[in-house]
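K.L.:
Each chain is listed here by its residues.
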Amino acid sequence: MEQVGTWTLPVLRRGPASGTLVILVQPLFEEQNRCRRFLADVGSALADQNVGTALPDLPGTGDFPSAAPFDMAEAAAALLAFADAQTHPARFVTMRGGNLLLPTGTDHIAIAPVSRGERLLADLLRTHALGERERTGGSFSRHDAERAWANGRTVRLAGYDVTPIAARALADASAPAATSSLSIGSGAGEVAGPLFWRQADPVRALETANAVAASIAEDLAV
Amino acid sequence: MSTSPLSPPVSQEVEDRVRSVLADVLSLPPERTKAIERDTELFGAMPELDSMAVAGILTELEDRLDILIDDDEVDGDMFATFGALTDFVRAKVPG
Numbered sequence: 002m003e004q005v006g007t008w009t010l011p012v013l014r015r016g017p018a019s020g021t022l023v024i025l026v027q028p029l030f031e032e033q034n035r036c037r038r039f040l041a042d043v044g045s046a047l048a049d050q051n052v053g054t055a056l057p058d059l060p061g062t063g064d065f066p067s068a069a070p071f072d073m074a075e076a077a078a079a080l081l082a083f084a085d086a087q088t089h090p091a092r093f094v095t096m097r098g099g100n101l102l103l104p105t106g107t108d109h110i111a112i113a114p115v116s117r118g119e120r121l122l123a124d125l126l127r128t129h130a131l132g133e134r135e136r137t138g139g140s141f142s143r144h145d146a147e148r149a150w151a152n153g154r155t156v157r158l159a160g161y162d163v164t165p166i167a168a169r170a171l172a173d174a175s176a177p178a179a180t181s182s183l184s185i186g187s188g189a190g191e192v193a194g195p196l197f198w199r200q201a202d203p204v205r206a207l208e209t210a211n212a213v214a215a216s217i218a219e220d221l222a223v
Numbered sequence: 696m697s698t699s700p701l702s703p704p705v706s707q708e709v710e711d712r713v714r715s716v717l718a719d720v721l722s723l724p725p726e727r728t729k730a731i732e733r734d735t736e737l738f739g740a741m742p743e744l745d746s747m748a749v750a751g752i753l754t755e756l757e758d759r760l761d762i763l764i765d766d767d768e769v770d771g772d773m774f775a776t777f778g779a780l781t782d783f784v785r786a787k788v789p790g
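Line by line, the protein sequences are chains A and B. For our numbering, count along the first sequence from 1 and bump the result up by 1. For our numbering, count along the second sequence from 1 and bump the result up by 695.
Where hints are given, some of them may not hold.
[Claimed, not checked] Some chain B residues flagged as far from chain A (calculated, every beta-carbon gap over 12 Å):
| # | residue |
| --- | --- |
| 1 | E732 |
| 2 | R733 |
| 3 | A740 |
| 4 | S746 |
| 5 | T776 |
| 6 | G778 |
| 7 | R785 |
[As the list claims (entries may be wrong)] Here are the computed distance ranges between Cβ atoms for each label pair:
| # | chain 1 | residue 1 | chain 2 | residue 2 | range |
| --- | --- | --- | --- | --- | --- |
| 8 | B | D734 | A | A68 | 44 to 52 Å |
| 9 | A | S184 | B | E736 | 24 to 32 Å |
| 10 | B | E732 | A | T155 | 41 to 49 Å |
| 11 | A | D202 | B | D734 | 25 to 33 Å |
[What the hints assert, rightly or not] Residues from chain A that keep clear of chain B, each with C-beta distances beyond 10 Å, as calculated:
| # | residue |
| --- | --- |
| 12 | P66 |
| 13 | R157 |
| 14 | I166 |
Hints were generated in silico from the structure; no laboratory data involved. A quick note: this is a predicted structure, and the numbers were derived from the prediction, not measured. Just so it is clear, CB atoms sit at the ideal spot from N, CA and C, and this is done for glycine as well.
All chains should be built: construct the whole structure from the sequences, respecting the hints.
P.N.:
In structure tokens, the structure reads:
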């Protein structure tokens, strides 16, 4: 646990405490759970290359000690406060929608980025709707969620409480341009690996983590 | 995941992209991916294919083929076989 401003953040650190620190910014909502082990493996692989890394759990995510629903503004503020509190230069490496927490103009390396929060919100709604249909046979649509948010009610989507403020913030969020971007998949020019963020039970992919870490280390050296 | 949309994809390319989406989202090994044919059963036959995976497949198909899929269009028949899924996607692709 590390105290940053008013927040007590669980932080997984790897590698040396000197030199540039890579802050690994996790995806949002359920994608975070599916990508956490991968990012921890990326951190270990970077540590093997003598690069220090930190993987914080921001407010409303992971092991952060509060049951309060995720709030993008608070998570973004805590992330920036965490970066400011470091004694060495810090670089952000984001995965999926983690980039949506960064202010415009922030240098970062993006792994499998999502450029617009609206896409993530649509994904959350779709996952919830299909899950509801499978579990109960009932129907759920985006219209149902929007009506609830318009009435000030929180909607539980795929296991997460999404407040009206969080839904609006996510829908309006767009990511700053990345310094460099890494895609994962089986296509040409992509780092070979599974789409962890799409899998209920993600496989471990150390080779993918090593390849991503090597690319990040190369970027940092430039 | 970042494969650029074709404009317009030809029939075989649509099938190849649907196959690669299934392989990437479900982490299918190459031998299982290659063995997928039109009559290969999907939902109910592939244990990896739960509702979360279905959502992921739909979103990846939208991204890679530059199409839009309304959730109301999604039913069990669409994911019954690889051929049914491919036909559904092909009908969405312009050209």
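K.L.:
A separate judgement is required for each hint: does it hold in the structure or not?
P.N.:
Hint-by-hint comparison with the structure:
1. E732: holds, 19 Å
2. R733: About 21 Å separates R733 (chain B) from the closest Cβ of chain A, which puts it past 12 Å; holds.
3. A740: holds, 16 Å
4. S746: violated, 4 Å
5. T776: holds, 19 Å
6. G778: holds, 21 Å
7. R785: Holds, because the least Cβ-Cβ distance between R785 (chain B) and chain A comes to about 20 Å, which exceeds 12 Å.
8. B:D734 x A:A68: 44 to 52 Å: Once the Cβ atoms are compared, 48 Å apart, the range 44 to 52 Å for A68 (chain A) and D734 (chain B) holds.
9. A:S184 x B:E736: 24 to 32 Å: Roughly 30 Å apart at Cβ, these two residues keep to the hinted range, so it holds.
10. B:E732 x A:T155: 41 to 49 Å: With Cβ atoms ~46 Å apart, the hint holds.
11. A:D202 x B:D734: 25 to 33 Å: holds, 27 Å
12. P66: Consistent with the label, P66 (chain A) stays out of reach of chain B, its closest Cβ about 27 Å off (over 10 Å).
13. R157: Consistent with the label, R157 (chain A) stays out of reach of chain B, its closest Cβ about 15 Å off (over 10 Å).
14. I166: holds, 24 Å
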